Amino acid sequence: MTFVGEAIFYIFSFLSLYVQVFFLVTFLENKDKIVVRKGEIKLGHYPSVTVIVPSFNEENTIYKTVLSLLDLNYPKDKLKILLVDDGSTDGTWNIIKKFDNCPNIKIFQKENGGKYTALNLGLSHLETDFVGCLDADSFVEKESLMRIMSYFERDQDTMAVAPSIIATNSKNIVQKAQKAEYELVSVYIKKMLGFLGAIHITPGPFTIFKRKVFDDLGPYRHAYNTEDMEIACRMQKNHYKIEQCNDAYVYTNTPPTIKKLYKQRVRWIYGFINNTIDYRKIIFRKKYGNFSLFTMPSNIISIFAISYLFARMIYDFGVFLSLKITQFETIGFNFPSKTNFLDPFFINTHSILFISVVLYSLMILSIMLGKRMVEGKWIFSVNIVYFVIISSLTAPFCFLKAIYNTIISRQPNWR
Amino acid sequence: MEKNNKNDWKRYLIVFLLTAGVFLSASYISNYFGNKKIDQLKSIQDNISIDILSSETQFSLLSELSCKNVSDSVLSNELNELGSKLEWGEQNLGMMDTVLYLKKYYSLLEIKDYLLTKKISERCKTKSAFILYFYTTPDNCSECKKEDLVLSYLKDNYPELKVYYFDYSTDLSAVKAMLHIYKIEDTKLPALVLNDDVLTGFHSVSELESQIQKSFKFKALKLKENSQ
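As they're listed, the protein sequences go chains A and B.
So the first sequence is numbered by my numbering: it starts at 1 and just counts up by one.
So the second sequence is numbered by my numbering: it starts at 1 and just counts up by one.
Isolated chain B (complex conformation) (with noise of 0.2 Å):
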């Protein structure tokens, strides 16, 4: 009886220690292909660091000539590619810190595509709007999934359309200024920047599909303005 309560034991050891070796395999793999995925997205932001630096020098030796050759479709989507697998990231990868970093970077890539789309769009008169999309976390901003929603929504409807997505607490400066340029309040979220107006609070699809087309037939006047 005594030698069978020591074996007892020891089963007891070995297969508490068996399982914890099964839980930390199963997190060492888990922790290899969630490094995987983060290298995928930081090979996917220096591709588009890449295009954004070419297009920028690109469009600085051809802006006195032609407006053919400068593309900026392209970027755009890989810009929505990178951020839903950011968004992703941060809901299940759960390396924070690192995920954090990589979303600084995103934000200055989109500002710096959305000031370059802007200036390609004014001078070579692409019909173009474009939308800053200032939100937090679903705890402080309850409005804020269903504004991601009609975003997603006018995106799909309208490809001219150029939607930029700002987390609120991302701590960088270049999406401070932008904070401050345009008084976004954390208390106001989610604010949209369109055509230059601040818009706060919740607005649905019509309200914002009105202000869209607005925009559309206002570089349409401008356009024409600048030909005659």
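Next up, chain A with everything else stripped away, as it sits in the complex (with noise of 0.2 Å):
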């Protein structure tokens, strides 16, 4: 490895470290901040929300969405429901249609035109001064709605509340793998985020919203499938503030396959590239905030990281590839004994190894805060292991698919 390579290698790293370093400051600034709520919580007034439940193709799960949404405890007068089919093929439309007579549902369904779409069709039907969102292959909690109330009551400058997000139906290890994930990013990473006013997702799973963000700053758009992270970009260059709420629980299901978490995180690392690039002008501007000095150097950072460790990973199998091509071609399948690799004299000591145990403790610790967070108690879950294994494995790949869609879509524009 060249002295440039070497440098490169040790820049991100310490990047990498500054960001970890970065979030357990902040925890440790408002760690008195976090409240676990067990039981129900009372508001001062009640102000009437409307969720609004798009879908396409979910007959296995809109029912129970539903459900969920009716069960909420909060007063069923101030809750109204919209439900958009978004020209889904299969039965979505016949389980909708039962819904038809309650009192606060009210149903719709259009032409296929895309998430955003059917969002919009609800916002336009919109009656309320909150609003929010639930995919419809999620599920509330019973108190989520209350506490998430609870954030804009106290504060009356809070624009979007999200919710902790956590895996339901882990039943393998790609599941298992993502619930240890959600618990750091949705819940840790994005509860540190919301201390440091820097969030850039508002998640589709349930997050509320003032209906001024709407009013002020138009519909979602499109932004390359991925518009829950568009709004939030819209809103932080708009100075608009968003929270977390980390015990408001919303249960989402999780791809199942290796090859459906790839489709999925290839179209959200997409999406995450390319608004990142559309909301460059907001990048290292001091009035915007965290946000801008943070989270969105961050983004960048992560983008380049991952894509330069494959491409070391890429290139040291290569190396170790063309030195038993050699050893094959020069004294076939015997393998030297020269070298006693049990003697401790050859464990590597570099100075990165100590790095990367540093930067995987915080990862862990990450972790288990996010889950002391959701459950109130310390646990080392055996799923932050197949974490690790499953994202290494897969992010890579899915980074470098989204790149290069991302080179193959903007190529006109870059002449």
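Since the hints were made in silico from the structure, they are not lab data.
Keep in mind the model is a prediction, meaning the values are calculated, not measured.
Every residue gets a Cβ at the ideal spot worked out from N, C-alpha and C, and that includes glycine.
Each hint should be verified, as a subset may be incorrect.
Interface residues of chain A toward chain B, partial, derived using beta-carbon atoms under 10 Å [claimed, not checked]:
hint : residue
1    : Gln-156
2    : Leu-196
3    : Leu-323
4    : Glu-329
With a cut-off of at most 27 Å between alpha-carbon atoms, the simulated BS3-like pairs for lysine-lysine come out as follows [to be verified]:
hint : chain 1 : residue 1 : chain 2 : residue 2
5    : A       : Lys-324   : B       : Lys-155
6    : B       : Lys-10    : A       : Lys-286
7    : B       : Lys-42    : B       : Lys-127
8    : A       : Lys-263   : A       : Lys-401
9    : A       : Lys-241   : B       : Lys-10
10   : A       : Lys-287   : B       : Lys-10
11   : B       : Lys-10    : A       : Lys-237
12   : A       : Lys-31    : B       : Lys-10
13   : A       : Lys-33    : B       : Lys-10
14   : A       : Lys-324   : B       : Lys-188
15   : B       : Lys-146   : A       : Lys-324
16   : A       : Lys-324   : B       : Lys-112
17   : A       : Lys-281   : B       : Lys-10
Stretches of chain B that chain A covers, calculated by requiring three or more beta carbons in the stretch to come under 8 Å of a beta carbon on chain A [to be verified]:
hint : stretch
18   : 32-40
19   : 78-92
20   : 136-150
Starting from two chains that each stand alone, build the complex the way the hints lay out.
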């Protein structure tokens, strides 16, 4: 490895560690503010809320999704539900029709146009001051809306509140890995970003907005099929405050196979890269706060760091393979017994090894903190191990595919 | 807002200092273990040095009497171990000055071992073959890695074969003298000296095997002649 390659590697390691330490320091600064409420709470007043449920071929889950909304501990006359079938080709519409007679539910059917069009149809029928969305594969916990609304009551400046998203029905290793990932990203990191005023995604499952957001900033956009990231970026650009309510739980189904996970992640990362490019003008601008100085640069670092590490891994593997081929050509299948690798002398004690240990320890601590914010206790789950393995194997490929797709789709604009 | 911004800048700075602290600590720990390894290498070299000196003295004392008490096999094994540790250290420890200094010492020990073992072999009439192997960095010698593999294979299969490794670029007068004696040029690496014959360029297992066996036969013949 050349000096330049080594220097880049150290810079990326430093930046990755910087991001992790940043979250930890934020946690230590704000740990007393993290409260996990167990029972019911009461509000001073109960504003009306509309929840839009966009759906496309969700016949297996939408019924349960709507039931979970109807079961919310919130005054029934203050909760409106808009079910939008975005041109499903399965039995979704038949299931939606079953709710036609519910007094607080309105149903809509339209031609398929993508999730953002279904959401915008809902927004065009909005009559309340608060609005949220719930993906038709997710289910809300009974107290979640009440807890989210308490954030709006506490701080009049808050314009949107995101919940803690928890993976449910985690049966196999792929899903268990995602469960740990959700505890890291959707609970811990999101909460820290909330403290920093730097949240960059208001997730489809049950983020509640003030109507003013859409009145002022306009409806959802296509945004590379990641409209939930784009609206958050747009809000940050306009200094609209986004919070995260760690004890409002929303359960979501996760892809059960590597192939489906890969497809989902390529879409997410593609949107993540392209929205970052679209909002590049607000990076490193002091007036946009931590979103501009920390979140966006971290996103960019992660794109380059993962790509670089993957390229380096491929290069190292190529060197190893060429050595083995040379060995085979020279002496066949006879492996030289030159070095006794059981000798502790040969254990690598390079500084990067210790830095990696710190990085992985911080990541494990972050996941455990995420779990603690949800369950209120310290637990080391084997899911963390699955997460490290599955994400190491899949993330680089997802990133590369998303980068490739970005280059292909953006090529004409670059001329 | 103003106060928040100030706090934010403080946070960015504190995090930078903490991260730099972790990096420096990692570097310190790495250095600590690196130094431990260097100490280990020095200790191995001192042991070998004492062993060689002891064997030389023992050989001088006993040369007129018996060959039974002079053992040469242990030394070369230790040298091999030291060689592989130095090679690993060169690639991984990063303390190039110290490692290169140790490598010079290693080359010297190799030459001493070679001379002594050769003497013992001749006087005590043991079955043996010696290869002096001159190599340089992979950037300047594409075939050296392959030759290295061939020699490792041969060493595993012929315990009586002793291979001595010399880095062409070692800045040591004794190594330079050997380069001069055998007229080794850096453009013709890898180079091997087997039974005083200089072989340049890559030589495969089969080519060297025949030469080694020839050397064994030659020694056996000489032994027979001497005994008659």
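Structure-based check of each hint:
1. For Gln-156 of chain A, the interface hint is violated, the least distance from its beta-carbon to any beta-carbon of chain B being 16 Å, above 10 Å.
2. For Leu-196 of chain A, the interface hint holds, the least distance from its beta-carbon to any beta-carbon of chain B being 8 Å, beneath 10 Å.
3. At about 8 Å, the closest approach between the beta carbon of Leu-323 of chain A and any beta carbon in chain B falls short of 10 Å, and the interface hint on this residue holds.
4. Because the smallest distance between the Cβ of Glu-329 of chain A and any Cβ of chain B comes to about 8 Å, under 10 Å, the interface hint for this residue holds.
5. Proximity of Lys-324 of chain A to Lys-155 of chain B is assessed by CA-CA distance (about 19 Å); at most 27 Å being required, the pair is judged to hold.
6. Proposed proximity of Lys-10 of chain B and Lys-286 of chain A is supported: the alpha carbons are some 14 Å apart, at most 27 Å.
7. Between Lys-42 of chain B and Lys-127 of chain B the CA atoms are separated by roughly 32 Å; this puts the pair beyond 27 Å, and the hint is violated.
8. Pair hint Lys-263 of chain A plus Lys-401 of chain A holds up; C-alpha atoms about 10 Å apart against a cutoff of 27 Å.
9. A threshold of 27 Å between alpha carbons decides the hint, and for Lys-241 of chain A with Lys-10 of chain B the separation of about 22 Å falls inside it, so the pair holds.
10. Between Lys-287 of chain A and Lys-10 of chain B the CA atoms are separated by roughly 17 Å; this keeps the pair inside 27 Å, and the hint holds.
11. At roughly 23 Å between alpha-carbon atoms, Lys-10 of chain B and Lys-237 of chain A fall within 27 Å of each other, so this suggested pair holds.
12. About 18 Å separates the Cα atoms of Lys-31 of chain A and Lys-10 of chain B, which keeps this hinted pair within 27 Å; it holds.
13. Annotation: proposed proximity of Lys-33 of chain A to Lys-10 of chain B holds, straight-line Cα distance about 20 Å (limit 27 Å).
14. About 25 Å separates the Cα atoms of Lys-324 of chain A and Lys-188 of chain B, which keeps this hinted pair within 27 Å; it holds.
15. Straight-line distance between C-alpha atoms of Lys-146 of chain B and Lys-324 of chain A comes to about 11 Å, which keeps the hinted pair within the 27 Å bound.
16. Distance hint between Lys-324 of chain A and Lys-112 of chain B is unfulfilled; the C-alpha atoms sit about 34 Å from each other, more than 27 Å.
17. Simply put, Lys-281 of chain A and Lys-10 of chain B have alpha-carbon atoms about 25 Å apart, close enough for the 27 Å limit, and the pair holds.
18. Evaluation of the coverage hint for the stretch 32-40 of chain B: fulfilled, as 4 residues show C-beta separations to chain A shorter than 8 Å, against a requirement of three.
19. With 6 residues having a Cβ less than 8 Å from any Cβ of chain A, the stretch 78-92 of chain B passes the three-residue criterion, so the hint holds.
20. Given a C-beta distance limit of less than 8 Å, the hint that chain A covers the stretch 136-150 of chain B holds, as 4 residues qualify and 3 suffice.
Of the numbered hints stated above, those contradicted by the structure are hints 1, 7 and 16, listed in ascending order.
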